[in-house]
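Protein chains: 2
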Amino acid sequence: MAATVANQVGTREKLLRARGAASKLAQLSTAEKNALLLSIADAIEHRADSILAANCEDVGSSGLEGAMRDRLLLTRPRIQEMAQGVRDVAALPDPIGETLAEWTRPNGLKIRKVRVPLGVVGIIYESRPNVTVDTAVLALKTGNAIVLRGGKEAARSNQELVKIIAGVTGIPEGAIELLDSSTRDSVQELIKARGLVDVIIPRGGAGLIAFVTENSSVPVIETGAGNCHIFVDESADFDMADRIVINAKTQRPSVCNAAEKLLVHENIAGEYVPRIVQKLIDAGVEVRGDDRACRLANNAEIEPASEPDWGEEYLRLCMAVRVVANVNEAIAHINRYSTKHSDSIVTRNESNARQFLRAVDSAAVYWNASTRFTDGAEFGFGAEMGISTQKLHCRGPFALAELTSSKYEIIGSGQIR
Amino acid sequence: MAATVANQVGTREKLLRARGAASKLAQLSTAEKNALLLSIADAIEHRADSILAANCEDVGSSGLEGAMRDRLLLTRPRIQEMAQGVRDVAALPDPIGETLAEWTRPNGLKIRKVRVPLGVVGIIYESRPNVTVDTAVLALKTGNAIVLRGGKEAARSNQELVKIIAGVTGIPEGAIELLDSSTRDSVQELIKARGLVDVIIPRGGAGLIAFVTENSSVPVIETGAGNCHIFVDESADFDMADRIVINAKTQRPSVCNAAEKLLVHENIAGEYVPRIVQKLIDAGVEVRGDDRACRLANNAEIEPASEPDWGEEYLRLCMAVRVVANVNEAIAHINRYSTKHSDSIVTRNESNARQFLRAVDSAAVYWNASTRFTDGAEFGFGAEMGISTQKLHCRGPFALAELTSSKYEIIGSGQIR
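Protein chains in written order, with our numbering: chain H, 1 to 417; chain S, 1 to 417.
Simulated from the structure, these hints should not be mistaken for laboratory data.
For every residue, glycine included, the Cβ atom is placed at its ideal position computed from N, Cα and C.
Accuracy of the hints is not assured; some may be wrong.
As the list claims (entries may be wrong) - Each computed BS3-like pair below joins lysine-lysine, with the alpha-carbon atoms no more than 25 Å apart:
(1) H:152 with H:24
(2) H:192 with S:113
(3) H:163 with H:152
(4) H:113 with S:113
Claimed, not checked - Each pair of labels, with its calculated beta carbon distance range:
(5) H:35 with S:84: 52 to 58 Å
(6) S:306 with H:70: 28 to 34 Å
(7) H:304 with S:46: 54 to 60 Å
(8) S:99 with H:295: 51 to 57 Å
(9) S:16 with H:239: 20 to 26 Å
(10) S:278 with H:24: 37 to 43 Å
(11) H:317 with S:100: 33 to 39 Å
(12) S:9 with H:286: 39 to 45 Å
(13) S:9 with H:328: 24 to 30 Å
(14) H:20 with S:16: 56 to 62 Å
(15) H:35 with S:97: 20 to 26 Å
(16) S:170 with H:328: 17 to 23 Å
(17) H:77 with S:102: 34 to 40 Å
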């Protein structure tokens with residue numbers, strides 16, 4: 001079987017092939033890359049049946065149900081969407097080759113800073129097979145080779161998708177490599193391959209991300225964990241606050257930009273806490289609170305929050321409420337407990353809003369909007385590789401430009417020091 | 001003694017103080033930061049005697065001689081230079097607060113990407129005490145707290161310098177912290193302090209850098225190692241090639257942008273190899289060569305190079321010479337063996353030069369110039385934190401702008417998804 005044969009090639013050999021492909025990919029023109037992307041989109045459509053068959057095996061043997069099964073499941077419309085996503089990426093501007101800066105030194109040296117591919121990008125992810133296609137095409141668009149280590153539940157789907165993409169005429173050998181998902185050894189080899197791999201992007205749960213960031217010797221872009229806050233200030237429009245809190249908490253509770261914590265200014269807490277707690281409960285949310293919030297909401301079903309609650313990313317319909325003295329206390333609480341992802345203030349007070357925007361040390365800080373907008377598509381990037389919660393290289397939603405590095409090309413006429 | 005007391009404060013406590021200082025530093029205005037920098041410059045000048053006394057103890061007890069002693073040694077002119085360096089940084093533009101991008105989404109959300117400090121920057125370095133001042137002021141200028149772990153030979157000099165800087169009125173407590181240099185424990189704690197420290201920059205020898213990059217769970221900017229190449233193409237102006245090779249090899253052989261390897265096009269090797277080998281030997285350089293270079297230079301004292309030579313950074317007056325078939329073979333050799341730092345082609349052939357500039361995967365690629373120009377000051381940056389040889393975050397010489405991150409400030413009017 002093809003799958004078995006693929007797995008017999010060791011991780012290191014795949015990384016070496018990717019390294020070799022990287023220098024070829026870096027030299028492709030924009031037109032060449034876009035033509036390959038369009039061929040990939042066509043191939044995905046033409047091979048929908050084989051993708052569905054592989055996925056059906058994965059879903060059948062996974063034993064997953066509900067939301068987890070749904071994440072793994074591919075359907076004809078989803079494959080169609082995948083192919084369209086590839087065409088969308090083909091239509092985006094190519095960042096490679098862009099002149100980022102250019103100047104001439106007094107000694108006559110002409111210095112040009114130019115955008116180049118990173119080289120080899122490693123992705124470690126969990127069950128969703130669409131990540132396989134999304135990340136492969138973003139890598140190809142930016143002239144990078146990609147090494148994928150997906151989840152074992154999606155092994156057959158991923159193998160089929162990678163076979164289709166790698167089989168497109170003109171794709172250099174090694175441009176897309178899929179590692180063995182049946183063992184953690186391949187993760188270990190990937191994250192220790194400093195020199196062969198230029199960056200690792202883990203996409204998945206907190207456990208996966210912590211493991212990779214703690215153990216990788218390859219530079220990592222940390223993505224994802226979001227313990228996001230909404231602070232309802234004294235002067236907030238309560239109706240707006242309701243809409244934002246309910247949306248940020250309930251519209252899609254399993255994602256990183258969903259809100260987990262609600263801070264309420266003490267001067268309005270007497271009125272606003274019981275009101276919002278009831279609305280949250282009506283929306284099916286389990287509510288926890290600090291002492292004051294619990295007292296104020298004593299008629300509603302609210303549980304006392306414990307210290308670990310303030311740092312936890314629930315990723316489900318649960319929210320903890322805390323009463324704070326003012327915007328300063330809200331900022332201090334957020335900077336202490338948040339994962340530096342997305343936090344929002346609801347207020348009519350511009351001065352408080354400006355202070356909050358400036359002082360909250362998070363990737364995305366909002367004034368009068370839901371935290372749910374921290375997303376490549378919502379930001380208008382046309383694609384998304386992830387949401388960085390670290391400060392190095394990129395922060396917040398990132399896409400094509402962040403899959404690049406730069407180099408200096410310097411032209412002289414014999415200059416020496 | 002103050003030094004002993006300082007060391008009694010544990011590493012973790014110092015990191016927590018730095019974390020606390022970071023949020024204060026991030027809020028300082030440009031004028032406030034520049035005023036602090038000018039006060040630091042004055043304090044360094046006024047306290048020259050105590051700096052010299054501390055340094056004298058360090059030099060006396062180090063047992064170092066020659067170049068190593070010179071790296072550790074401070075003199076009155078060097079302290080004056082240090083103070084001037086601080087004033088130069090005060091005069092540079094402040095990158096913090098700069099709007100990097102700004103746009104409005106169709107739903108009315110106003111998104112602004114703004115430059116912010118990284119937070120807490122950790123520096124691990126070796127003997128030169130001027131690094132203490134240089135890095136501390138670059139960090140202050142960019143609103144970052146800094147945690148320094150210097151070499152033990154310079155312990156007293158570093159303690160005195162940090163005491164002077166931290167003692168300037170207005171510097172937040174924790175803005176500059178010096179870790180215990182008498183044990184490696186402080187390095188271990190620093191590189192594992194993910195969440196408290198935002199980036200580690202190792203500055204020093206290859207062993208130090210490898211240790212930090214292999215073991216740090218905090219994101220690292222890898223600096224320094226330079227196995228730099230010069231390729232003398234068929235059409236090179238021999239006089240220019242001589243000047244560039246001799247300069248790049250001998251002007252300061254101990255630094256990372258010095259050339260270590262010379263590649264010569266086979267069509268000119270018969271004439272050029274004996275010529276340049278003789279010049280290198282005359283300049284005191286130990287020369288090694290591949291079989292062809294050795295045969296061509298048979299009258300000169302040249303030793304056969306072995307495989308490890310091609311990957312080695314000599315950092316001394318030694319150079320290995322190899323004959324290559326053409327520009328493609330030169331590029332392939334460089335991309336295989338170089339540390340992706342700085343590489344140069346000497347040629348009159350523009351097409352070969354363009355190909356070399358594009359295809360050599362290094363931070364700085366030169367046409368007809370010495371590799372010795374890869375340097376913050378030579379690039380006109382007015383300051384330098386290091387030279388990055390990784391591709392994430394920054395590549396090549398980096399200074400103020402690279403000590404920053406970004407955040408998104410998003411202003412809405414109640415938008416929800």
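Inset, instruction - Please flag the earlier hints that this structure goes against, numbers listed from lowest up. - result: 1, 2, 6, 8, 9, 14 and 15
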